[in-house]
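Asks: Mind docking these for me? Both chains are given alone in their own frames, and the hints should help you get the complex.
Listed in order, the protein sequences are those of chains A and B. What the first sequence shows, in numbering that gives the first Met the number 0, is residues 0 to 515, in sequence order. What the second sequence shows, in numbering that gives the first Met the number 0, is residues 0 to 202, in sequence order.
In case anyone wonders, no lab produced these hints; they're calculated from the structure. Be careful, since some hints might not be right.
Ranges of calculated distance between the beta carbons of each label pair, as one might list FRET restraints [said to hold, decoys possible]:
id: 1; chain 1: B; residue 1: Arg35; chain 2: A; residue 2: Leu193; range: 40 to 48 Å
id: 2; chain 1: A; residue 1: Ala70; chain 2: B; residue 2: Arg113; range: 29 to 37 Å
id: 3; chain 1: B; residue 1: Ser121; chain 2: A; residue 2: Asp438; range: 53 to 61 Å
id: 4; chain 1: A; residue 1: Gly283; chain 2: B; residue 2: Tyr36; range: 21 to 29 Å
Using N, Cα and C, we set each Cβ at its ideal position, and we do this for glycine too.
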Amino acid sequence: MRRHEPSDIVDAVVIGTGAGGAPIMARLAEAGLSVVALECGRAWDPARDFATDEEAQGKLYWMDERLSAGADPLRFGANNSGIGVGGSTLHYTAYFPRAQADDFRLKSDFGVGADWPVPYAEIEPYYDELEAFLGLSGPQNYPWGAARSYPLPPLPLNGAAQLMQGACARLGIRTSAAPNAAASRPFFQKGYGLRAACSNRGYCQAGCSTGAKASMDVTFIPLALSLGAELRAESFVTRIETNAEGRASGVVYTQNSVERRQRCRAVFLCAGSIETPRLLLLNGLANSSGQVGRNLMAHPGQQVWGRFEQMVRPWKGIPGGLISEDTHRPADADFASGYLLQSIGVMPVTYAGEVARGRGLWGQALLDHMARYNHIAGINILGDCLPSPDNYLELSDELDERGLPKPRIHFSAGENERRMTAHADRLMREIWMEAGARDIWSFARFAHVIGTCRMGERADGAVVNPEGESFDVPGLFIADNSTFPSALGANPSLTIMAFSLRTADRFLNRTRRGET
Amino acid sequence: MIGPDAFPPGGVRALLRTAWVTEPTRLALQARLDRRYEAPRTFDAGAFAALKAICDRLIPQPTPAVDIAGALDERLAEGKRNGWRYDVLPSDAEALRLGLGGIDETAAILFGARFTALPPASQDTVLSAVQAGAPPGTAWATLPAELWFEELLVEAAEIYFAHPLSQEAIGYLGMADAAGWSAIGLDEREAEPRTETGGHATA
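Extracted from the complex, chain B is given alone in its bound form (with noise of 0.2 Å):
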């Protein structure tokens, strides 16, 4: 009952490919790796390129591998909520077009510009502001600025290290979940040899 104690060689996308991985967590795994995300079904073009460039403030990735903006407007499509709701806070959907509309004000007075059109560090002032909770703009008299921010950033952080490579960028091999760990405590190294792809047939 021994697990790897490392990726193998090619990463997540090799591991899931052995049978240390169990065939539910492959398919789900596998899925997100290969989910692409057409045009937007719940935005319209300029209120998706803010979500987006936002995102991209909040989770900068050096190549983008992880979606963000496109599996947000998907749960927005499908209905999908997450048990829970600030009352404070109008529906998720609504709450996003009337924050993203706020985004673009607060840059608009603050740089003059949309939010898309600015620098990276002038969007970074925009966002510290709204996340601090007084950003100025009309937009925030009604909705709470910091709960808002809140929201999109949790959702965010869930969506991009629920994708396999942001997991195996820090280390995350829960995956390999077909024979379990017996080396969990502190320091400890799973003692089975590896093979070159990791893939031990005891799994």
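Same shape as in the complex, but just chain A (with noise of 0.2 Å):
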């Protein structure tokens, strides 16, 4: 690995080292640019350190204290959340469908909501990249969206995609085993060597401990330093710094106690839809639109499980195996846009957490609910949101462990997201009292905290412009979830990567036109 001095003005400062951060890494390094990765947490060897066991791999997980309040509190920690060389992609599920055409023009078609400043068209060619570059295991003829094939065949299904798979097909809903970022087959991963076969172990949500989930650090991290680009591991960023012409100009982090600071011609905020409006207005900076920290949105991620006479073993195999868009704009809808259904697998502490919170149940009639684990399987939805004045993130009085304010989390599901909610829900339980559930229950939940840093055409309705650059600050991009105008049906990862890429190269062409 290239090492820079904190005196060297390198080019690029990339902050944070998930979905947004890594891919960065890696272009930048690519042409040839001196690129230095700020991550806060540590750097992992999955091998030895990844246990398959929830509560030792909450190391994963964001665990400074953050403050859920409005009438949906946001539940972080063990979701929505992630830390560590690689970012939440470390635990995300690396289920992978791409945004379809019409999330982008959300306001055109409905009404509300915001259009994306970017042509689908323009994403569509980073989809094709990355789904290669990370051996996408699928079907060979997707069914919605672009007609695509995948490289890798699909992952096998396990007992909740069976079910589901069955009994959508007795009510005439389509499904496909789904895109999934789980290696297939033994994939040669360029700048990484050979990422194994998934081996079913379940365990996507609390790390892969074998290398054959596509995570950023088996993929463009190692793909990056490959190429040059400085990793700093456990180095928690408190300033970026700007020049006298208003410029960002390095960046402020401390590592091991020690303050330090990196100069740079370029910064790239990569922290997540909490840490990167966090930072920002802990800095003052990037705000004269007042949008920071506003239009935060979730997943409505709505669950339903059953208990089935059949043996289940709801650990075995990826947590999603099966995928219905089917819904993505459901024809007797009385919301906007729509969502996916996906089957899930659980761990058993996730699953008794659930339990306990969702139905209340305690005493024996948890123990004994629990005693039917084996043979309990679920369905879930990812829906879309819409962006709302009273769900936002401010920085509140109290202050965590390292002295900064912790981030203070409004979240109110709106008449949208109630509504899209309850029509998940009938159809939800409709497929698994077709496929012979008994005790069907629901979970309400929110997954994937979107928006916060929103990207526009206007200075004055955004905080970067469709380069991701921020309209206050030259030479400080943004790229994350962060950046996300509406919240899209589908799973945010792969949106996010590519957005990364293409950030990146909108900023090497600049650097090679010569412009700053």
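Replies: Following this line, the structure appears as structure tokens:
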């Protein structure tokens, strides 16, 4: 790994090494730029450090306390957060649908939300590139959106996926093996080596120990390092500095309790939709629009669980084996946009926590319910979410262990999210009844926090322009899910990576033209 | 690439000694099996006795194997958090301190005695009143009872089901992680014949 001196003026500092930062590291390094990436978490060796144990793997979550307010307080920690070299991709499900073209024109189609300031056609080539680079597993003829096939065969269906597949077929709902970034065959990853085929250990959401799953630590990051990028782990950024002209010119961070400074020509802020706006608010930076922290969205993620006669063993296989996008724009919808359906497995501690929280079962009733754990299977949705003035992030008066104000996140589902969830809940219960489930119950949840540093055309209504650059601070780019103008009816990682590569390419074009 | 289909004789303790289990998993689970908690570090004796009595009702254990109250006390003593908190609740430690006081207050109003002095049925009545969100008692005027109960219940359930013996009891075999799984569909069984110890050499 190339090492730079703090006094060097490097071409780029990347803050955060998840789905936003890692692709940028690799793209800029490939072009010969000097790149330093700062990651607040540790670098892990999955084979040595990752246990098949939910509690032990709590180390992959951002555990600094966040304050959850509003009518539907968001639960962070084991969901909606991540830390470590690779960021949240260390524990993402790697469920990899594309956004569809109409996701980018919600305002035009429904008169609500926002249109994206970037044409979908400009993003599609990045989807193609990423699916090939990451070695996605999936079907030969994907039924929804642009015609496409995936480079590796689909992963095998587990019990929950089989149950959903059979019931949906009888109900006339199309399903498909889901696009997934775990390799179904050994896959040669440029810059890393051979990624093993998925062993169906089912632990995607708590850390893949074999390299089968395309998290950033086995894909873009090793590629970036092989191309000369420098990675500094356990480096917590506290300040983005600007020069006399107001351009981003350096980053101050704490490593081993020592405050350090890295000078640079450009900063790529990729800390996710909580820590990115939090840092900007702490610094009083890039917020002339007043939009930093606003437009916070979260995907409706309603789950419906049922108990089956058959042995399901919900801990085997990738958690989300099957997908349906037939509900992307439901004909009978009384709401804007739509959602996708996925089958879900679940690990025992997570499920016990949901049963306790969602059903309020305790005592012998809880133990009796959990005794049938091996017969449980679930379906859940991932639905679009509209921005609302009620939903935002702010800094609280309470300080965390670092001495920084804890973020307070306000979230209340709006009418659109409530109607969508009700529609989905009816449909999922119908599917599970058709599949023969008993004791069907629903768990209300929201997954993926999105928005908070919106991308847009105008400086008075957005934080960054369509290039991903701050309207206020030239040389400061944001590339993560905070810039999404709308939530999309699709899991965000693929689109985060696509926009990161695009932001990197636009930056490189400018650099090549000699512009600043 | 085939894992075991059932626990060997001797259960999860025996399984952890086989090659079915990777070293990181073995270390994590063995440490939890061996863990014993000494005197409480964050609660005084009275509060800890109340917490323990509550946990015994939330998760009744015929043969006590998992020290839920001890694990909770340990977490608070170490200052560990789970990444978020309801904005309407005070810090975890403060919420527990206030809520345990509230439990005794409600017990006194309903039954004229401290929670720990009540028979199990009366304890359950107190806990149900708290879970329902409007228990009698001044402590609950500022502490949202329903959320307080939910948070304590979820943590108790998660501590309990993180324990290898609890996982064995519900037939979760995922800790046998060395080989992966091939029989992942409905009613499928891993085909590899088991040895007497369950630890097949191919693992």
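Asks: How does the Cβ-Cβ distance of Ala70 of chain A and Arg113 of chain B compare with 29 to 37 Å: does it lie in that range?
Replies: About 36 Å separates the Cβ atoms of Ala70 of chain A and Arg113 of chain B, which means 29 to 37 Å holds.
Asks: Between Gly283 of chain A and Tyr36 of chain B, is the Cβ distance one that fits in 21 to 29 Å?
Replies: Violated, since Gly283 of chain A and Tyr36 of chain B (Cβ atoms, about 45 Å apart) do not stay within the stated range.
Asks: Ser121 of chain B and Asp438 of chain A, beta-carbon distance inside 53 to 61 Å?
Replies: violated, 29 Å
Asks: Within 40 to 48 Å: is that where the Cβ-Cβ distance between Arg35 of chain B and Leu193 of chain A falls?
Replies: holds, 43 Å
Against the hints set out earlier in the document, violations occur for numbers 3, 4.
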